[in-house]
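Asker: Residue numbers (this note's numbering), protein chains in the order written: chain A, 384 to 775; chain B, 169 to 525.
What the hints contain is simulated information worked out from the structure, not anything from laboratory work. Ideal placement from N, C-alpha and C gives every residue a C-beta, glycine not left out. Check the hints yourself; a few may be wrong.
One-sided excerpt, in silico: chain A residues whose CB lies under 8 Å from chain B [claimed, not checked]:
no.: 1; residue: K387
no.: 2; residue: F390
no.: 3; residue: R391
no.: 4; residue: L393
no.: 5; residue: P394
no.: 6; residue: W398
no.: 7; residue: L400
no.: 8; residue: L401
no.: 9; residue: S518
no.: 10; residue: A569
no.: 11; residue: Y573
no.: 12; residue: G574
no.: 13; residue: R746
no.: 14; residue: L749
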Amino acid sequence: MRLKRFFRTLPAKLWILLAAAVVFAFFSNDFGLVDIQKTAVILAVGLDKTATGYALSAEVAVPKGSDRTTGGTSSVLIEGEGETVAACVSELYEKTGWVPKLIFCDLIVLGEETARQNVFDCLDYFLRSEYFSDSCLLAVCEGRAADLLATTSEIDDTSSLAIEKLFSDASEKSGAVMKTTLREFARSYYGVSASGYMPYVRAEQGADGSGARTEQGGQNGGQDTASADGKTIYDAAQTALFQEGVMTALLSERETFAFSLLNGNVYAGTLTVDGMTLSVLKNRGSVTLVPGEAPVARMKIDIKVRLQNRSESASANDVALGRLTAEDEARIGEALAERVGDLWRICQNTGCDLFLLRQALYRTALSAYDRSASDLLAVVRPDIRVDVMGVW
Amino acid sequence: MKLSSRQLFFFLAAVAPVGKLVLMPSQLAALSKNDLLFPAALNLLLQAGAVFCALLFARRGQTLYACLRERCGTVFAKIAVCVFALFLWLAAFVPLLEQKLLVQNIFYDTLPSYIAFAPMFVFSAYLCAKPLEACGRTWDILAPMAAIGLLGILLLAVGKADYGALLPVGAAGAGGFARGALGVADRFFDGALVLAMAGRFEYRRGMAWKGLLCYLAGGAAVLFFLATFYGLFGEIAVFQVFGFTRISKYFSGVTVLGRIDFLFIFALAFAMVFYTVLPLQAGVTLAREALAPRNPLFAPALACAVNAAALIGVLAVNFMMTRVMQVFSGPLVWVFPVFSLAVPALSLLPRRRRHAP
Numbered sequence: 384m385r386l387k388r389f390f391r392t393l394p395a396k397l398w399i400l401l402a403a404a405v406v407f408a409f410f411s412n413d414f415g416l417v418d419i420q421k422t423a424v425i426l427a428v429g430l431d432k433t434a435t436g437y438a439l440s441a442e443v444a445v446p447k448g449s450d451r452t453t454g455g456t457s458s459v460l461i462e463g464e465g466e467t468v469a470a471c472v473s474e475l476y477e478k479t480g481w482v483p484k485l486i487f488c489d490l491i492v493l494g495e496e497t498a499r500q501n502v503f504d505c506l507d508y509f510l511r512s513e514y515f516s517d518s519c520l521l522a523v524c525e526g527r528a529a530d531l532l533a534t535t536s537e538i539d540d541t542s543s544l545a546i547e548k549l550f551s552d553a554s555e556k557s558g559a560v561m562k563t564t565l566r567e568f569a570r571s572y573y574g575v576s577a578s579g580y581m582p583y584v585r586a587e588q589g590a591d592g593s594g595a596r597t598e599q600g601g602q603n604g605g606q607d608t609a610s611a612d613g614k615t616i617y618d619a620a621q622t623a624l625f626q627e628g629v630m631t632a633l634l635s636e637r638e639t640f641a642f643s644l645l646n647g648n649v650y651a652g653t654l655t656v657d658g659m660t661l662s663v664l665k666n667r668g669s670v671t672l673v674p675g676e677a678p679v680a681r682m683k684i685d686i687k688v689r690l691q692n693r694s695e696s697a698s699a700n701d702v703a704l705g706r707l708t709a710e711d712e713a714r715i716g717e718a719l720a721e722r723v724g725d726l727w728r729i730c731q732n733t734g735c736d737l738f739l740l741r742q743a744l745y746r747t748a749l750s751a752y753d754r755s756a757s758d759l760l761a762v763v764r765p766d767i768r769v770d771v772m773g774v775w
Numbered sequence: 169m170k171l172s173s174r175q176l177f178f179f180l181a182a183v184a185p186v187g188k189l190v191l192m193p194s195q196l197a198a199l200s201k202n203d204l205l206f207p208a209a210l211n212l213l214l215q216a217g218a219v220f221c222a223l224l225f226a227r228r229g230q231t232l233y234a235c236l237r238e239r240c241g242t243v244f245a246k247i248a249v250c251v252f253a254l255f256l257w258l259a260a261f262v263p264l265l266e267q268k269l270l271v272q273n274i275f276y277d278t279l280p281s282y283i284a285f286a287p288m289f290v291f292s293a294y295l296c297a298k299p300l301e302a303c304g305r306t307w308d309i310l311a312p313m314a315a316i317g318l319l320g321i322l323l324l325a326v327g328k329a330d331y332g333a334l335l336p337v338g339a340a341g342a343g344g345f346a347r348g349a350l351g352v353a354d355r356f357f358d359g360a361l362v363l364a365m366a367g368r369f370e371y372r373r374g375m376a377w378k379g380l381l382c383y384l385a386g387g388a389a390v391l392f393f394l395a396t397f398y399g400l401f402g403e404i405a406v407f408q409v410f411g412f413t414r415i416s417k418y419f420s421g422v423t424v425l426g427r428i429d430f431l432f433i434f435a436l437a438f439a440m441v442f443y444t445v446l447p448l449q450a451g452v453t454l455a456r457e458a459l460a461p462r463n464p465l466f467a468p469a470l471a472c473a474v475n476a477a478a479l480i481g482v483l484a485v486n487f488m489m490t491r492v493m494q495v496f497s498g499p500l501v502w503v504f505p506v507f508s509l510a511v512p513a514l515s516l517l518p519r520r521r522r523h524a525p
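Next comes chain B alone, as it looks inside the complex (with noise of 0.2 Å):
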C-alpha cells in the first residue's frame, strides 16, 4: 500500500515542523541574535525547493535507486542508495540527542539515569522495522495532533511576547545572517526525506506546487514560533532551550488553571519522537530495497543494528552534546546541503534518451 497524497500533504505541514523546535530556537538566537528569523527562513526556503524538486522527481512513479539502476547501472545504484541511507542515519543523530536531553530535562524534575532514554530505541527499531509506507497512518494521527500542539502553545504565548525585539532589523550583520544559516543546517534535511519516499506514493496532477506550498506554510509556523519564542526572552533567549516547551508556561491562566499547556507540549512531543525516528526509517528502507529487497528478515535486522548503533552512539556522547552540535554545525555541515539540496536538485536531470539501434 502506498502513501496517499494526503498523508504527504500532513506531513509537510504539520510533522516536519516539529523537528524545529527543540534546540534550534536557542541556537538560532545565539548564532543570530534577534535577526534569527532570516537564517531559519533562508534553510526553509532552500528546504522547500528541495522538496518540490523531490516531488517533481516522483511524478515519474519511480523510487531512487530504481531511477539509479536505470540510469547508472546496479551496482552504482546500491552504493548510492546506501551512502544516501547513510546520511539519513547521520542526519538523525542531532535529533536523537536533542530528544534525549528533552526527556532527562522537561519530563523530569531531577537528573534521571541516563539510560533511562534507552527504551526509545527498542520503540525506533520497531518503527524502522517498517516499510516507510507504513508512516502514511501514522500522519494521518500526528498531523491534527502536532497542529493543535504549535497552535495551543503559540496561543498561550502570544500575549506575553513582544515582538519589537526582533528590532532592529540587520542588527546581528551578515556574520551572524551566515552564522545562523550553517549553524543550524543539520535540521534541514526534509528534502532528503521526500525523495527517499518517491515512489511510495501516487504522483498526482499538482502536487509538487501543493506539497511546496504545505511545506512553506509549515515553514510559517516554525517562523511564528521563533518570533514569539525571541519575543518573549529577547537576550536571554540563548540560554532558553527546548524552546516549545517554555514559552507558553507565562500565560496568565496557567497559575490558576496548572499547566494545561503540557497537553499541547506532550502532543507536539509525540509528533517529535516520530520525525525523530523517520530518518532511520527512511534509511532502512532505502538499504532494504538496494539490498535485498525480496527479504523479509533483512529489514527488522537491520532496524536493529542501525538502533544499537545509535545508542551506543548516544551513551558514547552522553557527555558531549555541545561538541556534537559543534562537530555537525562545523566540519560536517557540507554534507547537509549536499545530500538534502544538491541530490534532490540533481534528480531532475532528464533521463538519458535510449537511441534506436
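So here's chain A without its partners, still in its complex pose (with noise of 0.2 Å):
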C-alpha cells in the first residue's frame, strides 16, 4: 500500500527532486561557472615566437573608476611563455591564480617574427578551443605583438580598444582597413585557395612622447603607471597578405583601397588623384574568373564619386557644382587601374590567390582544377575596367 502510494505520487517528487537539484546546483557553485573576481577576462591577446616556442600577452580587464575614455575599464598586460599556445594560457593561470576567460577577446594580434611562419602552428589554439570565438578579429603588427599591447593609446585607456577602434565598420567602410576575423582567415587558410590577408597594424609615436608603455611583458603592466613617457597612435592602412599561413607580402595604402573597391566595401570612402579629392558614393568591385584555355580574371571597379577638394584655387562655379569632366573621371579610372595592375602583380609575384580564384575555378570547373590549378596565378590574365562616375 506503501509502495503503491509512493508510485502514485512519484512524478509531483520528481518535480520536487528537479527543483532541488538546480536550487543546490545554484547555491552550491553558482552552476559550476567560475566566480568573476577569479577570472581573468582577456579583451586581447599578442602572440610572439621564441626560441623555444610562444610567448603570449594578454590584455585583462581590470574594473576601475571612470575617469577616462573606456568608462571604467583598465587593463593589465601579463606575458606566459611556453612550447604551444596552450602552454602560454597555462602559464597565466600559474602565474596569477585567475582563470584566463577568452570567451570576451575580440582581437590576436600576430607579432610579425610569428607571421613569417604559419600562423596556424599558434592560431592552432583558438580554433579548438571550445571557449573562444571565432569572430574574433586578427591583425598583425610591425615588431613584436607584446611591445604593441604595451603601448599607451592617445585615445583609450586600452591598447587593443584603440586598435580595435581602426577596424569599425566605418573605417572599413571608408576603404582604409581591411579587417578579418578568425573564421573567415580559417576558411580561406583551409580551402583550396590557402590564402588571405590581415591588417598589418603600426604604433606611430602621439604628439607628446614615445609611445611605449616603460613595462614590458611581466605581469606587472598598469596602465595608469606607465602613460607617463608618451602616448601612441596606431596605422592599420596597410594589409599583410598570407599564403598557406605565412606572410608574404605587405600591401600599401593604395593597394588596399584598390582591394575595398575590388571588394564592394566602400562607402563614403575617400581617393586622392591628381590634385582632386573625391569622396566614393557608391561602390560595386568583382573579381571573375573566365576559365578556358587561357583563363582571365575579370577585376571590375563602377564607383560614383563626388569632388570634395582640389588641391588648388578654383573658379566659383567650379565650387559651386564640383563638375568632373570626361577626362576628369578617365584620369581617375587609370589611376584606380594601375593601382589594381600594381595589386594583381604582388599577389602573382607571391603566389596569393587574394581574389580566390582557384576557388572559383574549382566551383565551376572541377576538371579545370585538377589540370591547371597549381600554376593558375602564374598563366591567368588580368581583366581590368574601371567605370567612373562623376555625380555632381
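Since each chain sits alone in its own frame, please combine them into the complex, following the hints.
Answerer: Laid out in C-alpha cells, this is it:
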C-alpha cells in the first residue's frame, strides 16, 4: 500500500527533486560557473615567436573608476611563455591564480616574426577552443605583438580597444582598412586557395612622447603608471597577405584601397588623384574568373564619386557645381586601374590567391581545376575595368 | 485523451527537425564535405516514407501492440514491443549525449562539472512517467517556439552565407555520399516514433499525406539550415560542432545589440530537450502497454529505471563520446534502418483474413 502511494506520487516527487537539484546547483557553486573575481577577462592577446615556442601577452580587463574614455575599464598586460599557446595560457593561470577567460577576447595580434611562419601553428589553439569566439579580429603588427599591446594609446586607456577602433565598420567602409576575423581567415586557409589577408598595424608616436609603456611583458603592466612617458596612435592602412598561413607581402595604402574597391566595400571613403580629393558615394566591385585555355581574371570596379576638394584654387562655378569632366573621370579610372594592376602583380609574384581564383575554378570547373590549379596565377591574364562616374 | 491531428503535424513539421541540428551538420561536413545536403536528403526522404507508412498504419486505429497481439499472439507481441522499446531507448542515447555536450560547451563559459547535466534526467523521468498522449499540449507550445527559433537563426545567418561553397556538386563522390548517409542514420528515427504513437491519435482522412508534407516541410528547413551552415563555414564546418548555436552570431547587428540570437538558440534548445526525451517516453509507454497496462505504478517505476540507466550510461561514456558515436554510426548503424524504416513499412502488411469455420 505504501509502495503504491509512493509510486502514485512519484511524478510530483520528481519535480520537487528537480527543483531541489537546480537550487542546490545554483547555491553551491553557481551552476559550476567560475566566480568572476577568480577569472581574468582577456580583451586581446598578442602572440610572438620565441626560441622555444611562443610568448602570449594577454590584455586583461581590470575594473576601475570611470575617469577616462573606457568608462571604467583599464587593463593589465600579462605574459606567459610556453612551447604551445595552450602552455602559455596555462602559465597565465599559474602566474596569477586567475582562470583565463578568452570568451570576451576580440583581437589577436600576431607579431611580425610569428607571421613569417605558418600562423596556424599558433592559431590552432583558438580554433580548437570551445570557449573562444571565432568572430575575433586578427591583425599582424610591426615588431613584437607584446610591444604593441604594451603601448599607451592616445585615445583609449586600453591599447587593444584603441586598435579595435581601427577595425570598425565605418573604417572598413572608408576603404582604408581590410579587416578579417578568425573564421574568415581560417576558411580561406583551409580552402583550396589557401590564401588570406590581415590588417597590418603599426604604432606611431603621438604628439607628446615616445609611445612605449615602460614595463613590457611581465605581469605588472598597470597602464596608469606607464602612461607618463608618452602616447601612441595606431595605423592599420596596410594589409599583410598570406599564402598557406605565411605572410608573403605587404600591400600599401593605395593597394589596400584598391582591394577594398574590388570587394565593393567602400562607401564614403576618399581617394586623391592628381590634386583632386573625391569621396566615393557608391562602389561595386567584383573579381570573376573566366576559365578556358587562356583563363582571364575579370576585375571590375564601378564607382560614383563626388569632388570634395582640389589642391588649387578654382572658379566660383567649379566650387558651386564640383563637376568632373570626362577627362577627369578617365584620369581617375586610369589611376585606379594602375593600383589594381600593382595589386595583381604583388599577388602573382607572391603566389597569394587573394581573389580566390582557385576556389572559383574549383567550384565552376572541377576538371580544369585538377589540371591547372597549381599554376593558375601564373597563366591567368588580368582584365581590369574601372568605370568612374562623377556625381554633381 | 488522444493526440489531435494538429498536434501531430506540429511535431512532424517543427519539433522533429530540431534533433538534427546539434552535431549532425559538422559530422556530415566531415563525411560528405560540400555534398552534405544529399545524404541528409536521402535520410529525410526515407524517414518521410516511414512516417507515411506509420500514419497509414494508424488508420486502423490500433496501437502497435494491439495489432501484433491480434496477428501473432500475446507472447510474440510482448516480446516484439519490448524489443521496439529497447530500440527507442537506444536511439535516445546519442541525442542525450549531444544535449550534455551542448549544455556543457555552449551554456557554460568554462568546463563545468560533468554531474551538472544530471538534473536533466530527473526532468526526463517525470516526462517518461506520463503517457505519450500527454505530449500533445507540449507540442502545441514547442512547435511555434521551435519554428520561430529556427527561422530567427536562419534569418540572422543567411546574409553572411556563401552558398557557392556547396559547389561543385558531387565532389565528395559516391563514397562520401554513402559515408554521410550511413554516418548520420542514427539521428533519423522519426518513423519509429510515429509508429509508437499509432493508436494514440484519431486518424482523419488524408492525414497520412498531410503528415508526409509536414515532415517534408520540416526536412526542407533542415536542408536549408545545412546549406546555410556550410555556406558560412565552408571547409572549417568540420569542427563547427553545435552548428545551430554558431551560425547566427555573425549577423552584423549582434555587435551593436549583443547576442540577441541567444533568444532563438534558447527556444530551439528548449524544444530539443523534449525531442531528446521523446524516444525514452515512447519506449516507456510501449512497455507499459505490453507488460502492465492496468498497473498505474509501472510507468513511473520504469521511467525512473530507464533514466537511471541512461544517467549511468552517459556518465560511463563521459570521456568516450567520439568512440560512442563511431559505434552508433558503425557496428550499430544497421539497427536504425531496421526499426525506423523496415518496421513501419512491414506494419502495412495486410491483416490475416479470418476464415469462417
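Asker: Look at each hint and say if it fits the structure.
Answerer: Against the structure, the hints come out as follows:
no., hint, result
1, K387, "holds (6 Å)"
2, F390, "holds (4 Å)"
3, R391, "holds (6 Å)"
4, L393, "holds (4 Å)"
5, P394, "holds (5 Å)"
6, W398, "holds (6 Å)"
7, L400, "holds (5 Å)"
8, L401, "holds (4 Å)"
9, S518, "holds (6 Å)"
10, A569, "holds (5 Å)"
11, Y573, "holds (4 Å)"
12, G574, "holds (5 Å)"
13, R746, "holds (4 Å)"
14, L749, "holds (5 Å)"
Checked against the numbered hints above, the structure violates none of them.
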